[in-house]
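Colleague: Can you build the whole structure from these sequences, using the hints too?
Quick mapping for you: the protein sequence lines, in order, are chains A and B.
Under my numbering, the first residue of the first sequence is numbered 1, with each subsequent residue one higher.
Under my numbering, the first residue of the second sequence is numbered 1, with each subsequent residue one higher.
Simulated from the structure, these hints should not be mistaken for laboratory data.
It should be emphasised that the depicted structure is a prediction, and the values quoted were computed from it without experimental measurement.
Backbone N, C-alpha and C fix where the C-beta goes; we use that ideal spot for every residue, glycine too.
Each statement offered as a hint is correct.
So the derived list for chain A, only partly shown, Cβ under 10 Å to chain B, looks like this:
hint	residue
1	Arg379
2	Gln404
3	His423
4	Arg425
5	Leu429
6	Glu455
7	Gln463
8	Arg486
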Amino acid sequence: MSIWLARLSVDRWRRASTPEADSAPTALILETAHGPRITATNAAGLAAGARAGMLLADARALCPDLVAIPADPAGDLAALEKLALWAQRWGPWSALDPPDGLLVDVTGAAHLFGGEARLLKDVAAAFTQRSLTARAALAPTAGAAWALSHYGRGAAILAPEDDPLRLLADLPVAALRLDDDVLTALRRLGIKRLGELAGVSGAGEDDIAREAAARDALRRRFRNRHSPAANPLLRLDQLLGRVPEPLLPVIARPVPLVQRRLMEPLRHRDLLDRVVADLAADMVRALEARGEGARRLELALWRVDGEVLTRRIELAAASREAAHITRLFAQRLDDVDAGFGIEMVQLRASWSEPLHLDQADLDAAAEDHGTALAACIDRLSVRLGPRAVTRPVPRASHIPERAQGWQPPLAAVPPAQAALAFHTRPLKLLDRPEPIAVLHAAPDGVPQRFRWRGEVREVTRAQGPERIAPEWWRERSSTRLRDYYRIEDAAGRRYWIYRQGLIGDGRGGVPEWFLQGLYA
Amino acid sequence: MFSKPSPARVLSRPLPEPRWRPGLTAQPFHSEVFAPANEASGAGLALALARDALAASGEGEDARQVLWVQDRAAIRKGGRPCLAGLPPDLAHRLIHVAAATPEDALFALEEGLKCRDLACVIGEIAGNPRALSFTASRRLSLTAEKHGVRLWVVRLDAAPDLSSARMRWQARAAPSAPGRWDAAAPGPATWHAELFRARAHAPGQWSLSDDAGTLRLASEPDLDTAPDLVHLARPTVGRSLAARVHA
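Modeller: Have a look at this one:
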C-alpha cells in the first residue's frame with residue numbers, strides 16, 4: 001500500500017497556525033541561490049495563482065499580499081518518520097518514501113480490516129481525522145501502488161490477478177518515480193504514457209520481434225543508467241514485479257523509560273529522593289540490558305492536579321551509575337513544588353550512547369580513589385551551568401580575543417595549525433580590552449607613561465610593535481589595525497597594550513590605546 | 001578491611017628542609033598565593049609552583065587535566081587564561097570553570113580536589129569573601145590531603161586572614177632580568193615572593209623567575225630580607241586563632 005501525503009508541509013503548517021491565517025494566501029518558501037522559491041502553497045494561495053516551484057518575486061507579482069512562511073523540510077521528514085511508525089497499524093512494516101509518501105506492506109493483513117476497500121476507507125478516515133490530505137492505493141508491487149496513489153483515477157486497488165499494464169497504461173510516465181531529466185528525455189522521445197513505454201514499437205502484441213528490437217533500442221539509450229530512478233525500463237519492470245525492489249523498513253527504537261506510580265501522593269522531599277533513587281536503579285538495569293549509557297535524562301513528575309514538572313540533566317560522558325544520577329537530580333529537585341502531592345514519577349533517557357559492560361570495581365577502598373573526570377564535570381555543570389565549565393581551544397584567527405574559543409571540556413578538540421612560537425603571549429587576557437590614557441609617548445610611538453585603573457605607571461622597557469591587521473574577510477572595512485607592545489613598568493609589572501589605528505589612516509581620529517593582557 | 005594511608009602521608013615522609021627552595025619533593029597540598037589583582041603575578045607564581053611540584057614528584061609525561069577555577073570578580077579584575085600564553089605542556093589540558101560567586105568557586109575547587117583524574121587545581125578568588133572562612137579553607141586542606149590532589153588558591157587583592165593553607169605566599173611582580181637578545185624588551189617572568197607562613201619551612205623572601213618553564217631563584221637572597229627571630233616571633237595575622245587572642 002502506498003500513501004501519498006500530497007500536502008504534508010502545508011498541512012503541518014496549518015495545524016500549527018490559526019484558521020484565519022489559513023484563509024490568507026500563503027506560500028512556504030525555501031531560500032535558493034536565485035532567491036526565495038515556493039515549495040508549497042495553501043488553497044488560497046493556489047487560487048491566487050502561486051504554484052510550487054515559482055520564485056517568490058514572480059508569485060508576488062501575481063498576488064501582492066501573498067504571505068511567505070519559511071518551509072521546514074527537516075521537520076517534514078521527522079513528521080514523516082513518525083507517521084511511518086504510526087502507519088504500522090495497517091501492516092507489519094512500513095518504509096519512508098521521501099519527501100511526502102509512505103509505503104506499508106499489507107500483504108495478508110487486509111482481511112483484518114474487512115477487506116481491501118474497507119482498509120483504504122480506514123486509512124482515509126484516519127488521515128482525515130488528523131487533518132492530513134492523503135491518497136492511498138493498494139497494488140501487488142510498491143511501484144504500482146505508488147503510481148496509483150499519485151496518478152491513479154477512480155479505483156485505487158489493483159488486485160493480483162489484474163493485468164497491471166492494461167490498467168495502468170493511461171498513466172503518465174512520471175508515475176514511474178523517475179528523475180526530472182529522464183522525464184525530459186522521454187518526452188523528447190515522444191513517450192508520454194506507460195502504455196507507450198511498454199509497447200514502444202506501437203505494433204501491439206502480434207509482432208514480438210519488432211517489440212523486442214524497440215525495447216532493445218530503449219535499453220541501449222539508457223544503458224549506463226544503473227540507478228532505478230534514472231532508468232525507465234528498470235522502473236517499469238519493478239512496477240510489473242519482474243525485478244525485486246528492496247525497501248528499507250522503519251523500525252521503532254523506544255527510549256529507555258522507567259516509571260513509578262505511587263499509591264499515596266508524595267509530599268515530602270526525602271520520599272521523593274527515595275523514589276528517584278529507585279528509578280535510577282531501574283534505569284541502570286534498563287540501560288545495562290541494552291548495553292548503553294545515558295547522556296541526557298529527563299525526570300517527569302506528575303502532580304495530583306495534573307501539572308507535569310520536568311527536570312533534565314545532561315552528562316558529559318555516557319554513564320550508568322545510579323548513585324551519580326541520583327546525586328545530580330538531587331540538586332535539581334530543590335525547587336520542586338509538590339502542591340497536593342506527586343502521584344507518578346517517570347525517568348527517560350532521551351539520549352543514550354553505547355557503553356560496554358565492564359567489571360565492577362572490587363577494591364574495597366574504591367571510594368578513596370575519588371571521582372572520575374566525567375563525573376566531576378557533571379557535578380560542576382549541573383550546579384554552575386553547562387557554560388561555566390569549558391576548555392579553551394585555538395581558533396583560526398590572528399585577533400587575540402578571537403584566536404581562542406571555549407567548548408565543552410570532554411568534546412574532541414578540533415585540529416588546528418600550530419601557533420607561531422616567536423610571539424610571546426600574555427598569561428591572561430582581559431574579557432574586554434580596557435582603555436588606557438597615554439600621558440607621554442616617545443617619538444617612535446612607544447608610551448613612556450600611562451594611566452590604567454587610576455594609577456600612573458612609568459614604562460621602563462618595551463618591545464614592539466607587533467602589528468595585527470584587521471580580518472577584512474570578517475570585519476567592516478573601517479576596522480583599524482592594532483600595534484601591540486609588550487611593556488614592563490617600573491615595578492616590574494608586565495602588560496600587553498595596543499594602539500588601535502594609525503594617525504592618518506583615514507579610519508577615525510587620534511588612535512586610542514588599550515590594555516588587553518597581563519603577563520605573568 | 002585495610003585502609004590505604006593517604007597520599008599526603010606517604011609523600012610528606014622525608015624530613016623537611018628548613019629553608020624552602022624550588023624543586024623540593026615534599027610540597028604541601030594546599031597553598032595560597034596573595035597577589036595584587038592588576039597583575040598576573042599571582043596566577044603566574046601559582047602555575048610555576050604547580051609545575052615545579054608536578055615535575056619534582058617525577059611522574060614524567062603527565063596527561064591529566066588541570067582545573068582552573070575563577071570567580072566572577074577575579075575574571076573581571078584579572079581576565080581569563082589565554083591559551084597561547086600558557087606553558088605549552090599545560091595548554092592542551094586545561095579545564096576552566098567560571099563560577100559566579102565565591103561559594104560556587106569553593107564548591108568547584110572541592111569537587112576538583114575529589115577527582116582522581118586531575119593533576120592539580122588552581123583557584124582564583126578576589127577579595128575576602130565571607131564564604132572563604134577558616135572552616136572553608138580547612139575543608140579544602142583536608143579534601144586535598146585525603147585525595148592527594150594539590151591545590152593553589154590565588155587570592156587577588158585580599159588581606160591575609162585566617163586560613164589553614166599549609167604554605168602562604170605573598171607575591172608581586174619584580175623587574176625582570178634583561179632579555180638575552182633584546183635588552184630593552186621585558187625579560188622572563190620574575191616575581192618577588194615572600195613565604196610568610198609554612199609548616200615545614202622557615203619564612204623568607206625570594207626573587208623567583210620562570211626560566212623556560214622551570215622555577216628558579218632569580219638571585220640569591222640578600223641578608224637584609226633573610227628571616228630573623230624577631231620576625232618569626234611576631235604574632236602576625238594568619239597564624240593560629242589562639243595566637244591572635246593572646247596578642
